[in-house]
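Undergrad: Next come the chains, spelled out residue by residue.
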Amino acid sequence: MKKAVRIGSGAGYSGDRIEPALELAEKGNIQYLVFECLAERTIALAQQAKLKDPEKGYDPLLVDRMEAVLRVCREKGIRIITNMGAANPIAGANKIAEVARARGIEGLKIAAITGDDVLEHLKGVDFPLMETGAPVSSLKNIVSANAYLGASPIVAALKENADVIITGRVADPALFLAPLIHEFGWSMEDWDLLGKGTVVGHLLECAGQITGGYFADPPVKNVAGLARLGFPIAEVSPDGSAIITKAENSGGKVTARTCKEQLLYEIHDPSRYLTPDVVADFSAVTITEIGPDRVQINGGRGRPKTDTLKVSVGHVEGHIGEGQISYAGPGALERGQLALDIVRERLSLAGVRTQELRFDLIGLDAIHGPARSMGVPREVRVRVAGRTDTAKEAARIGNEVETLYTNGPAGGGGATKATREVVAVASILISRDTATPKIHYLGV
Amino acid sequence: MKLRELAHSRTGDKGDISNISLIAFEPEHYALLEKYVTPERVRQHFTGIVYGQVTRYTLPALGALNFVMERALGGGVTRTLALDAHGKCLSSSLMALDIPELDGLCKPAAGDA
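So the sequences go chain by chain: V and S. Counting along the first sequence from 1, when you hit position 194 you're at 193 in numbering that gives the first Met the number 0, and nothing is skipped either side. Counting along the second sequence from 1, when you hit position 24 you're at 23 in numbering that gives the first Met the number 0, and nothing is skipped either side.
One should not assume that every hint holds.
When the alpha-carbon atoms are kept at most 30 angstroms apart in a straight line, the in silico DSSO-like pairs for lysine-lysine are as follows [what the hints assert, rightly or not]:
| id | chain 1 | residue 1 | chain 2 | residue 2 |
| --- | --- | --- | --- | --- |
| 1 | S | Lys-87 | S | Lys-13 |
| 2 | V | Lys-416 | S | Lys-34 |
| 3 | S | Lys-34 | V | Lys-108 |
| 4 | V | Lys-108 | V | Lys-1 |
| 5 | S | Lys-13 | V | Lys-309 |
| 6 | V | Lys-2 | V | Lys-220 |
| 7 | V | Lys-139 | S | Lys-87 |
| 8 | V | Lys-26 | V | Lys-75 |
Worth flagging that the hints you see were computed from the coordinates, not collected in a lab.
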């Protein structure tokens, strides 16, 4: 019988720490290193970068990550799977080849997977938006449309002996499920096994969030060594059961509790977790500590996949302007409230048109919503944010906060202002055959 | 006592939907969570934040509940004006919920071994 496969998770998001990935490659005794770096909106931003420069549109940290791990992965035969291709997997693959050449790494086979970009297919067909039911044509300024691909093209590239596989939009768990399908020869219609592999992928995709990151809440939940947090490893058996662990002597911890929090992270109905490969069922998963930093995961299940693929449609929805300023000492709260009233009136007098405006006192109601009982804070931070159609109007919001310096209540300090374009994301469902994955190989 | 003494929690976001897991530290306290942390109470706790339906899923084998809250994120992370655009702080906010002190119930010791 085939041995267990060890998969490491080298990133939980685009900007994540890099050293833990190197630690996994060097000391993790892994066969696969997966980097999941593509949030819902990231690909729309990457698409905008690609429009400005056709050689861009991949993850900004791709080169840094490859410079850190490529040599050791090559030496140890660790295969790399990542969605850092974002809007431009081919440019990303070229960049990886450049890193390899610059470091004298030879005999490397790189696969770029495309086909998730379905923007062309949106023309002429008016799909309803999943969020509101409104037609997709109601969105102004669409900049991207990317379908969530499944594990199949990654499996195909692994069969062709690719050492590094770089994709655009692929369902996050599929990055981890693919090597399991490849190693164990799982059928693409064995729903329970695909469900189990999806559980593993879901547990690993946020990297440090299962090894004690995003968990500490002293004194109730203590975690040691968060500054040198180890990233997770799944040791997966051919029957789909898995042990979650991490590199020895790394910081953090893997316990039943850290695993439970991650299992339910970003989950709605636990019995119906939709992916392009399977409808996974987490409801009977069991989580058992079997040793220090070793947690056994069993009981994942699955049902047949749906007929459709989810597509994230990125669209520009105006601009957000924001300003902040602080007040301290006796009467801080009253002066903060006065400041908000002044900015509200100023924006109205100036005729700044906003889609929506928000007034917060950070430290009081910015997170919790309308304050029910107000204590007397030693300091408050005024925050005004608004969404507008134009960048110019967005800038007015921060300016009206900043002018409180010389025109507002006494003692305002530390004013900041910012504007940004709003690239929002909506979702539609398309039939599976609309998105055709393609694999491009590149040798070094 | 506060919910934080009995359970731990993490928030996730997808579009305008926020989900909050609630996991009993000790399996025997799951029944308390089920009894006292109803969708109605969670909805009420997040008045002014959550404008849609709150659905509760139960995972007794894990000693956990999962609350799915609709229209909870000001339109979603990409367009909301909220300081915490993902609503990631909501799970900590829920930990302030009061749970009645019960006779005979061993209060869990603080500290996670």
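Undergrad: Each hint: holds or not?
TA: Quick rundown of the hints versus the structure:
1. Lys-87/S <-> Lys-13/S: holds, 11 angstroms
2. Lys-416/V <-> Lys-34/S: violated, 46 angstroms
3. Lys-34/S <-> Lys-108/V: Violated - the C-alpha atoms of Lys-108/V and Lys-34/S are around 56 angstroms apart, more than 30 angstroms.
4. Lys-108/V <-> Lys-1/V: Holds, at roughly 25 angstroms.
5. Lys-13/S <-> Lys-309/V: Between Lys-13/S and Lys-309/V the Cα gap is close to 13 angstroms, so the pair holds against 30 angstroms.
6. Lys-2/V <-> Lys-220/V: Status violated; Cα separation ~35 angstroms.
7. Lys-139/V <-> Lys-87/S: Holds, at roughly 29 angstroms.
8. Lys-26/V <-> Lys-75/V: With a Cα-Cα distance of about 10 angstroms, the restraint between Lys-26/V and Lys-75/V holds, given a limit of 30 angstroms.
Checked against the numbered hints listed earlier, the structure breaks hints 2, 3 and 6; every other hint is satisfied.
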